[in-house]
Amino acid sequence: MSQRNDTATHPTGLSADEAALEKRLQEQFLDAQPGTVIEIPAGRRALDRVLTLRANGVTIRGAAAYIDSTYRHYTASYGIDLSGQPTAVPLWSAAGGLDYLWRGVASGDVDFTLQHAYLGGFRCNADSPAQKERLSIPPLQDGRGDQPHDARLAWTSHGLVPVTVAVYSNHLFDNRYVTGVQTISATTLGTPFTNITAPRFYGVEVGARF
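The numbering of the sequence shown is the numbering used here, which starts it at 10 and goes up by one.
Mixed in with the good hints, there may be bad ones.
Label-pair ranges, simulated between beta-carbon atoms [claimed, not checked]: (1) Ile69 / Val176: 20 to 28 Å; (2) Thr197 / Gly105: 40 to 48 Å; (3) Glu36 / Leu162: 21 to 29 Å; (4) Ile47 / Leu100: 47 to 55 Å; (5) Val176 / Phe202: 30 to 38 Å; (6) Arg33 / Ile205: 51 to 59 Å; (7) Ala103 / Leu198: 34 to 42 Å; (8) Thr200 / Asp77: 29 to 37 Å; (9) Ala104 / Leu162: 15 to 23 Å; (10) Ala73 / Asp40: 35 to 43 Å; (11) Ile69 / Val114: 20 to 28 Å.
In short, the hints are calculated from the structure, not lab data.
In this text, a Cβ means the ideal position worked out from N, Cα and C, and glycines have one as well.
Modelling step: build the complete structure from the supplied sequences, incorporating the hints.
In structure tokens form, the structure reads like this:
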């Protein structure tokens, strides 16, 4: 004997009442202004998506790290003892960002983000001068840090299926840095090489969140 269930369900798996509540809450969250009161009925209910509440304003982010990295026991390929000496890891690194949001622009929100990162100069050890002597390379500025800048401007529509259109640029000022000189293949192939950061590039993003 089967039982009949007269409770209407939404394609997402929520009941019809839960789906209607979710839609109403998301619309209220998106349209909220300072001082707006959003009432959620008492009881336990399921929701199928994250509700987003956004307001005009500036968000500032920042982080920093100090790493004193040295070799415990290590001998370079040319027999130089580097025990207790620095690896190439910089002592300091940091990152910061500024984010500003404008609400209610063309039935959506505009978000501008600017980010800056700092990577301190690479630390040299007793093998560093020897590497230069073994390589025929143009003069390089030792220990210069890496400082990329990234920017992004995005517009996101209001609604249950937000659409985002954005333009962005990484390495905004097109500063390129040598991040290391590699000699692993110098003795066998005679072809040492360097690592260089990417040049400036930019693009367009289009997306929708379901």
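Evaluation of the provided hints:
1. Ile69 / Val176: 20 to 28 Å: 22 Å, holds
2. Thr197 / Gly105: 40 to 48 Å: Given a distance of about 43 Å, which is inside 40 to 48 Å, the answer is holds.
3. Glu36 / Leu162: 21 to 29 Å: Since Glu36 and Leu162 have Cβ atoms about 26 Å apart, the given range 21 to 29 Å holds.
4. Ile47 / Leu100: 47 to 55 Å: Cβ of Ile47 to Cβ of Leu100: about 48 Å, so the range 47 to 55 Å holds.
5. Val176 / Phe202: 30 to 38 Å: 34 Å, holds
6. Arg33 / Ile205: 51 to 59 Å: 54 Å, holds
7. Ala103 / Leu198: 34 to 42 Å: Holds, at about 37 Å.
8. Thr200 / Asp77: 29 to 37 Å: 33 Å, holds
9. Ala104 / Leu162: 15 to 23 Å: 20 Å, holds
10. Ala73 / Asp40: 35 to 43 Å: 38 Å, holds
11. Ile69 / Val114: 20 to 28 Å: The hint (20 to 28 Å, Cβ to Cβ) holds, given that Ile69 and Val114 are roughly 22 Å apart.
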